[in-house]
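*Asks:* Chain residues, written in single-letter form:
There are 2 protein chains.
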Amino acid sequence: MDGSRKRHGDTTNQFLSAGLVIRQKEPKNLEAPFDQIVSYLTPSQLFYIRSHFPIPALDRASYQLRIDGAVRQPFALSYDELRSMPSESRVATLECAGNSRVFLVPQVQGAQWELGAVSNAEWTGVPLRALLERAGLAEDACEIVLEGADRGIPKEEPMPPGPISYAWSVPRAKAVQPEVLIAYQMNGRDLPQDHGFPVRAIVPGHYGMASVKWLTSIHAVREPFRGYWNTSDYAYWAWMDGKPVRSALGEMQIKSEIARPRVYETLAPNQIYRVCGAAWAGETDVTQIAVSTDGGRTWTAAEFLDPVRRHAWRRWRFDWLTPKEPGQYTLLARATDADGVIQPDAHDQNYGTYVINHLLPIEVFVGDPGGPQP
Amino acid sequence: MDGSRKRHGDTTNQFLSAGLVIRQKEPKNLEAPFDQIVSYLTPSQLFYIRSHFPIPALDRASYQLRIDGAVRQPFALSYDELRSMPSESRVATLECAGNSRVFLVPQVQGAQWELGAVSNAEWTGVPLRALLERAGLAEDACEIVLEGADRGIPKEEPMPPGPISYAWSVPRAKAVQPEVLIAYQMNGRDLPQDHGFPVRAIVPGHYGMASVKWLTSIHAVREPFRGYWNTSDYAYWAWMDGKPVRSALGEMQIKSEIARPRVYETLAPNQIYRVCGAAWAGETDVTQIAVSTDGGRTWTAAEFLDPVRRHAWRRWRFDWLTPKEPGQYTLLARATDADGVIQPDAHDQNYGTYVINHLLPIEVFVGDPGGPQP
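If you read the protein sequences in the order shown, they are chains D and E.
Quick note: to get this note's numbering, add 10 to the position in the first sequence (first position is 1).
Quick note: to get this note's numbering, add 10 to the position in the second sequence (first position is 1).
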């Protein structure tokens, strides 16, 4: 509201981050300002916040992590014990499975995320498999249930009979991969409270629901876990023997987003505008990125700014010579992975209100600062 | 996503506006980026867009405005005839009655507007009273029903039996005031399609629902109009003889908002940060503005940037010496009007999901770029 305010990256550090967009105030669901993310690693203050319940306040001194269930030697770790184990750092992009939901027409239930329920950070912690090895994971354990300290009664049907803790099971085959971390740092500093302090799971390549925050329990099971989120909220229709069956969400699907221009931005005509964004995938790599400025009729290859790094996004850019003619233009970005899989044109209805990875139209105006007129 | 992108106000005009936030894609409900509004008049491209139905495409050539009902001489005007009448220009702030709804806890139905369903523009058109005088408004007409070309079936109960046009009645006493315009220009240019092209009503001092867009009919009535929006959607509980009665929303209630810092912004410690925002009221003037940086325990007067101008907002600013201690701080702004009425501490539940003019907490972090920790 005042011309003298300073911006991120200016020489003064009057403010250090540009704030978040509220999608739901309580529980706290705040979106990253995707158009303002310049760096490869999202600053922790700009990282999106997705919560199911009020944020629990845990402290390091009394923190305990239990590892039990289908293991030979269940044990518990204090925070200091966890910190004393060999650690690794990995960059991983987390995306909420409901990211971009506001693009679904007609509107559906759930937080109306636009483009910013995705962020990329460096995580430091102990590989989950080191803990499972120490516990002696049973040969017939099929999933690892991760449970957090956040607790309450979900608002949507089928409502459980009483308060439950947030929990999510990860298939064994994924849980023992080296990239899955029991993390205590984000971007080189202790986890912020909103992001799972003191300890969270990081399951790179899977939607964010798997990266359980405020983690207090790691529980191996011999039968598929049928908790609320695995069977109901974060489940979708898959097909088995010709029949639809409820399946838990897992691997992130290939997706790209345009960060700039933003929806309804007005651009000067006949000038170079640098279109930019990011693209990511699950257990594969994004290898191509193309941009359309005419609603998908024609496509041009864009340029990646970041190298391939499994489980992390790649920023990209495209210099657009804007048209001379004022008018409304629809921009699209389209990513392709190493196997040739490309983003779909339309939302897959089997995924319901999740996995919104189709081409997302960004409508902008060129030329007329008064906006569009018939 | 790229350090080379340019911003509003930079010397190049690579882009002319920063875009809008999608709250609902269809019908189109887009929020102004309130933190990016620097100027007194909101550029038309940044003005919030509130729609009930798909945007109608009208053209000037076939446009007709009917003035009828409880009048002696009903007539119709073409666009050119309207443009040839004596016109006036007025600055008016429009606020959606549901603005700031995302601050209500627990969450309620409706678009989850944050701070940007309010904007301020200069409107040019013919005073409604000139049209009513020409038509010979009946002495016993009590309301003027304004009807738009936007049409459909509302999604919320009580659902009407079929498609209806958006319509809103304005009390006679307000409709004949000189500030009420039948407008065809916004900020000195023809109305953009999203903002009511070719003609809309502007009812300064009332919530936005009264400023009917794509206006095609002005209909005087002798009994209070009981249309869908007046009785149901934009109605609230008022008290009459000790009984709650449904009443149509009308005058905007006094309100202030903080534009910067934005929720969850991180600020440098022990430095001057310029807090800024705007304040507005309905049929009165905002005369005082105070800011609290400690969640409401203490208050300091802020400085107005704009003079008093009935029906238009006043921007304000406050230089905050941020604390040395890292931590979370809650900022509040509190406006007072010429009659001594101040913004309430809490939402008035009689207004349901509308009129959210209580003190809105803006939580920020000072000092620790890693974010808050217990």
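If you're looking for bench data, these hints aren't it; they were derived computationally from the structure.
Quick caveat, the model's predicted, so the values are computed rather than measured.
Be aware that one or more of the hints could be misleading.
If chains are identical, the list can't say which one is meant, so a pair holds when it fits in one copy or spans any two.
Subject to a maximum C-alpha distance of 20 Å in a straight line, what follows is the list of computed DMTMM-like cross-link-like pairs (lysine to aspartate or glutamate) [to be verified]: (1) Lys-35 to Glu-166; (2) Lys-165 to Asp-69; (3) Lys-35 to Asp-355; (4) Lys-35 to Asp-160.
*Asks:* Hint by hint, which ones does this structure get wrong, listed from lowest number up?
*Replies:* The structure conflicts with hint 2 only, although it agrees with all the remaining ones.
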